[in-house]
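Assemble the complex: chain A is given as a structure, and chain B must be docked to it using the hints.
Chains A and B are the protein sequences, given in the same order. For the first sequence, my numbering gives the first residue as 1, with consecutive numbering after it. For the second sequence, my numbering gives the first residue as 477, with consecutive numbering after it.
Everything labelled a hint here was simulated from the structure, so no lab data went into it. Virtual Cβ for every residue (Gly too), placed ideally from N, Cα, C. Some clues are possibly wrong.
[Claimed, not checked] Using C-beta positions, here's what the derived DEER-type ranges look like:
(1) B/R605 to A/L293: 42 to 52 Å
(2) A/R49 to B/L630: 40 to 50 Å
(3) A/G465 to B/Q555: 52 to 62 Å
(4) B/S570 to A/G337: 51 to 61 Å
(5) A/I131 to B/G627: 38 to 48 Å
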Amino acid sequence: MTDAKPCFDEMLVGGDRARQPYEAYFRWFQQENIKDLRRKSTQAEEFFRRIGITFNVYGQDEADERLIPFDIVPRIIGGREWAALERGIEQRVRALNAFLHDIYHRQEILRAGRVPREIIARNAAYLPEMIGVNPPGGVYTHIVGTDLVRTGENEFYVLEDNARTPSGVSYMLENRETMLQMFPELFAKLKVRPVGNYPQMLRRSLAACAPPDPGNPKPCIAVLTPGIHNSAYFEHSFLADQMGVELVESTDLRIEDGRVAMRTTEGFKPVDVIYRRIDDDYLDPLTFNPESLLGVPGIMDVYRAGRITIANAPGTGISDDKALYSYMPEIVEFYTGERAILKNVPTWRCSEPDALAHVLENLKDLVVKEVHGSGGYGMLVGPAASRKELASFAAKLRARPGNYIAQPTLALSTVPVLTKAGLAPRHVDLRPYVLVSPDRVEMAPGGLTRVALRKGSLVVNSSQGGGTKDTWVLGD
Amino acid sequence: MMLGKTAGGLFWMFRYLERAENTARLLEAGWRIALTAADDEGENEWESVITTAGIKPGYEARHDSYDAENVIDYLLRDQGNPSSVMSCIAAARSNGRLVRTALSSEVWEATNETWMVLKKALARPVSERQLHETLMLVRNRSSMVRGALHGTMLRNDIFSFSHIGTYVERADNTARILDVKYYVLLPSMAHVGGSIDNVQWDVILRSVSAARSYRWLNGGEMSPLSIADFLILDLRMPRSLAFCQLKIGESLARLEQNYGQRHPCHDLARRNAERLEEVTIEMIFDEGVHEFLRACITDNATLAGQIQVDYRFNE
Numbered sequence: 001m002t003d004a005k006p007c008f009d010e011m012l013v014g015g016d017r018a019r020q021p022y023e024a025y026f027r028w029f030q031q032e033n034i035k036d037l038r039r040k041s042t043q044a045e046e047f048f049r050r051i052g053i054t055f056n057v058y059g060q061d062e063a064d065e066r067l068i069p070f071d072i073v074p075r076i077i078g079g080r081e082w083a084a085l086e087r088g089i090e091q092r093v094r095a096l097n098a099f100l101h102d103i104y105h106r107q108e109i110l111r112a113g114r115v116p117r118e119i120i121a122r123n124a125a126y127l128p129e130m131i132g133v134n135p136p137g138g139v140y141t142h143i144v145g146t147d148l149v150r151t152g153e154n155e156f157y158v159l160e161d162n163a164r165t166p167s168g169v170s171y172m173l174e175n176r177e178t179m180l181q182m183f184p185e186l187f188a189k190l191k192v193r194p195v196g197n198y199p200q201m202l203r204r205s206l207a208a209c210a211p212p213d214p215g216n217p218k219p220c221i222a223v224l225t226p227g228i229h230n231s232a233y234f235e236h237s238f239l240a241d242q243m244g245v246e247l248v249e250s251t252d253l254r255i256e257d258g259r260v261a262m263r264t265t266e267g268f269k270p271v272d273v274i275y276r277r278i279d280d281d282y283l284d285p286l287t288f289n290p291e292s293l294l295g296v297p298g299i300m301d302v303y304r305a306g307r308i309t310i311a312n313a314p315g316t317g318i319s320d321d322k323a324l325y326s327y328m329p330e331i332v333e334f335y336t337g338e339r340a341i342l343k344n345v346p347t348w349r350c351s352e353p354d355a356l357a358h359v360l361e362n363l364k365d366l367v368v369k370e371v372h373g374s375g376g377y378g379m380l381v382g383p384a385a386s387r388k389e390l391a392s393f394a395a396k397l398r399a400r401p402g403n404y405i406a407q408p409t410l411a412l413s414t415v416p417v418l419t420k421a422g423l424a425p426r427h428v429d430l431r432p433y434v435l436v437s438p439d440r441v442e443m444a445p446g447g448l449t450r451v452a453l454r455k456g457s458l459v460v461n462s463s464q465g466g467g468t469k470d471t472w473v474l475g476d
Numbered sequence: 477m478m479l480g481k482t483a484g485g486l487f488w489m490f491r492y493l494e495r496a497e498n499t500a501r502l503l504e505a506g507w508r509i510a511l512t513a514a515d516d517e518g519e520n521e522w523e524s525v526i527t528t529a530g531i532k533p534g535y536e537a538r539h540d541s542y543d544a545e546n547v548i549d550y551l552l553r554d555q556g557n558p559s560s561v562m563s564c565i566a567a568a569r570s571n572g573r574l575v576r577t578a579l580s581s582e583v584w585e586a587t588n589e590t591w592m593v594l595k596k597a598l599a600r601p602v603s604e605r606q607l608h609e610t611l612m613l614v615r616n617r618s619s620m621v622r623g624a625l626h627g628t629m630l631r632n633d634i635f636s637f638s639h640i641g642t643y644v645e646r647a648d649n650t651a652r653i654l655d656v657k658y659y660v661l662l663p664s665m666a667h668v669g670g671s672i673d674n675v676q677w678d679v680i681l682r683s684v685s686a687a688r689s690y691r692w693l694n695g696g697e698m699s700p701l702s703i704a705d706f707l708i709l710d711l712r713m714p715r716s717l718a719f720c721q722l723k724i725g726e727s728l729a730r731l732e733q734n735y736g737q738r739h740p741c742h743d744l745a746r747r748n749a750e751r752l753e754e755v756t757i758e759m760i761f762d763e764g765v766h767e768f769l770r771a772c773i774t775d776n777a778t779l780a781g782q783i784q785v786d787y788r789f790n791e
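In isolation and in its complexed conformation, chain B is listed as follows:
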């Protein structure tokens, strides 16, 4: 048992930590492709990064063009952008303060230190030359928090709500990346077959830190269908939709067992999981990738909303 507010604070703390990492990863992938693309395509790529992050209206209200400097600043430091790395880390820490009593001192100190370190590192605009190093820092810091979580926290309801936050955010992120880029995976596009496609495929994989693991599993062969399969249905891939659903399901099952109480969110989670268990990637392509991903994003959000109600996050 814990306060509903605390459960909500944990959920959001770990959502924001995950989002900070995702924003950093997206930025890194976009930056790589912008570097290798021709001039005008570079701008297109930055625009697509902003679209993927789901923050296009905010960006366009702030900047007129999609050049590297603006995009990097908006994604890393802009406090007006709720998904910027700095905003996310500040929100994660603020939620961490709120739930301080539920965290081990290691987790709290790692979170607080991350905030201090990044506040310093992001005090001034980050140039392209410093970008790689800064992104490494973000990744290292969030790994420290995650390590502290796994190494020091009791496996009770606190852990479950933290996990649910992480995987709800991650599922949302993977689905969005695929939804923005799915057209490059469509068979009708594949026959174009040039190196651009390969680069686009690579960007998708890099956005979810899966370029190397995908190649390992596929012996260096790349195909749009197997990339989609990997990111949607492969349970070995820790950022795939199926994996995220599995983890959310496990955490909810543990809560059900701990509390001895089943809620509407348990049925919703079951339904979301079933959809992924019963399909093949071919079926998804036949019925429409975009429609499938939109449904995943909506259902994931509905589930998150139901969890908040069932466990009384708010008054």
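Looking at chain A on its own, in the form it has when it is part of the complex:
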């Protein structure tokens, strides 16, 4: 999808003057030689290949292990800008947790009529098995990856909440590692807030959510991965390694004496916290998908008995529903009593006849998404679609309106990337990683910046040709 209208560039004003957070960087950049910098890009790629930070693309046998392209121009966020974002994200994440607790308990928000019952009832991600269950520490969304986009100096929108199993944090960490190695002089010049302690924060946060056990001051944590063929396996092993905890597959686990236990060289040892990177459906074949080879039979019984923490809690996936997303301003207000600090993108729910009519009439200007879709698959980007594509999508919309929502195409901000010809603006988004434990909500400053590398493109997903940048939050 391409755009003609001018959009907000986060580095340059009028094409040659740097915005305040970028001033020092831009001065440095102007004294550098483009050719040398391009060489650094190649070095970065070699670095990524050697450490094996690759991902697998589903449905592409040949490209078994691919690298996500990395751009060496950092995305810089001022300290005050970040502080405002942080407040907004924390508010939203707290509201999400309260919402999840509510819909699995008294359902006050449904009784109050602020969110329609169908949104819950019709949603496959809503797990009746979780009704009345109290997750240890009361936490549902231990790790959230709130996707943000920017359209102006003070204009930020939340695009998605990603409360299921947000991925990509290993890129945030390895991007920084790479930048530190390649441009030490910049880090000496600018006060960039570090992100390297994220794995320790994650470990502390997960430990704080362990089932209460006074006799066990050091809970045993494990990362649960579907295995080495999963597209995010690198990240699973990376996080386990950095936290210093075991990386397990479901075949390493079984239930013993009412606990989840892992098979070790010294017998079965109980596990207290599972950071799972598999979907709800694959958690427990006894409870959910009997066909699944991935799950741990009986784990849900242990969970209901409060003897294991599963992060994120089963049933949190409902908050990734795009129809539910449209109710987030109400949800924030309902549980926090405050207005939402971060804006929602205006959303038409095609299940509503008026909205559907509006969407069909303006299809060529809108982005249409599947309510349960993710990763940029199955969506229509109106301005980039051909007449034929528009017509066939309109037919799909009429057939199953409840399956879709539509949003205006936002003029996403740009940050320059390095090309052969020098700097060139490209659209970006931002995914901060938020950790929730009973006593606090915290996040690493910044997060992962994804960038659409094709000129004019607005699709930043790595599965669709997006790349990443290091994200700097300044300590001013």
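Chain B only, in chain A's frame:
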């Protein structure tokens, strides 16, 4: 303590790395003798290399003749051959990914880089002219992984399982080489005494990278009995059966001490070691070299199987 799966992954990762090196070494030895032999004997030598590697049925299903080009390709690159250098390196890396959290970043990166470098070097068939250089590369790369292991890894159970994998594979390899070639060491053959025998002896020593060290220790004298003694019983020789058993025993003892738990595999290892401690090379020859080596190979495999059970490698 570690996951049983991780212990198994380490064991196999280092078995495969060792096997990649052994395949390369075998290829190098075979190539040298094929170069120096008369035409028809060259083919025989290639066949014996394939036999030694224990992959004869697979090879014959693939190729009709034992010419250099086919054998080199089968041993270096063929993905259908689980013992080819490329297959072994890919399997080692795959196990390395599985146990990534147990490896230092140096060991992992050395393994991953080895895979990348060899994938490139072995992307196309390797001609005889490039063979030496390619084999050097394999050897250098595996030395890097081993160096990273020794230089950066904690001496805990991770190290023990890695070591056990290495030495189980190495013992198996040395025993197989000797078993395929033992007849040239038999006294009844020795009196034939021609230069061919010397070449065959040399090939055995080269297959285990021991030609020079053997000469150093024996002042240039070569005798079948002392070659066999060197490769079976000499504890100074890092690829001898006795040395491998010693190292497996040490690693198992360390696990026993770490975990405070003795398993059936400890008794098996003890028995395997005793057999090598109590014999002389003369006794082995009297009782039959072939029978002795077969027993070593079988017991080594039994021990490996017992270790997998005792430390819960699998479900």
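Taking the hints in turn, this is what the structure says about them:
1. B/R605 to A/L293: 42 to 52 Å: At roughly 49 Å between Cβ atoms, A/L293 and B/R605 fall inside 42 to 52 Å, so the hint holds.
2. A/R49 to B/L630: 40 to 50 Å: violated, 27 Å
3. A/G465 to B/Q555: 52 to 62 Å: violated, 30 Å
4. B/S570 to A/G337: 51 to 61 Å: holds, 53 Å
5. A/I131 to B/G627: 38 to 48 Å: violated, 55 Å
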